[in-house]
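Undergrad: By my numbering, the letter at position 32 of the sequence shown is numbered 129, and the numbering carries on one by one without gaps.
Do not rely on the hints blindly, as some may be mistaken.
To be verified - Here are the computed lysine-lysine pairs in the DSS-like style, where the Cα-Cα straight-line distance is at most 30 Å:
no. : residue 1 : residue 2
1   : K131      : K142
2   : K137      : K175
3   : K131      : K155
4   : K164      : K175
5   : K177      : K164
6   : K149      : K164
7   : K164      : K142
8   : K175      : K155
Keep in mind that the hints were calculated from the coordinates and are not lab data.
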Amino acid sequence: MLECSNGTIYTGSTIHLNERVEDHFKGQGANHTKRYPPTKLIYVKEFDRIDKAFYREKQIQRWGKDKKLALASRNFEKLKELAECMNDSHWKSYVKE
98 MLECSNGTIY TGSTIHLNER VEDHFKGQGA NHTKRYPPTK LIYVKEFDRI
148 DKAFYREKQI QRWGKDKKLA LASRNFEKLK ELAECMNDSH WKSYVKE
């Protein structure tokens with residue numbers, strides 16, 4: 098994951114990490130990082146298979162910024178809190194505090 102100049106978090110997957118990160122910093126990466134240049138690499142996770150990496154990439158891309166930052170900072174308590182279901186059908190909606 099790359100933090101970009103506009104404060105967004107870009108998430109991608111690659112087989113060649115160093116080259117891909119270089120491309121993004123040179124303005125030769127994805128359209129998002131061309132428009133909003135990255136400022137720093139904030140998170141890397143290696144996988145033994147590219148399909149697993151791609152699946153995780155797509156999962157993280159659906160997350161909000163706070164959840165991505167919690168993962169990047171390895172704040173697993175915050176990540177767990179942000180991962181909880183927040184809709185009315187969640188079991189906590191039926192528990193009286």
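Undergrad: Each hint needs a verdict: does it hold in this structure or not?
TA: The hints, checked one at a time:
Between K131 and K142 the CA atoms are separated by roughly 23 Å; this keeps the pair inside 30 Å, and the hint holds. At most 30 Å may separate the alpha-carbon atoms for a hinted pair to count; K137 and K175 meet this at roughly 22 Å. In summary, the hint linking K131 to K155 is supported, as the alpha carbons are separated by about 20 Å, within the 30 Å threshold. Distance restraint check for K164 and K175: the Cα-Cα separation of roughly 8 Å lies within the 30 Å cut-off, and the hinted pair is therefore satisfied.
Annotation: proposed proximity of K177 to K164 holds, straight-line Cα distance about 9 Å (limit 30 Å). Restraint check for K149 and K164: satisfied, since their Cα atoms lie roughly 20 Å apart, inside the 30 Å limit. The straight-line distance between the Cα atoms of K164 and K142 is roughly 16 Å, inside the 30 Å bound, and the hint therefore holds. With a CA separation close to 21 Å, the supplied pair K175 and K155 stays within the 30 Å bound.
Hint compliance for this structure: every hint is met.
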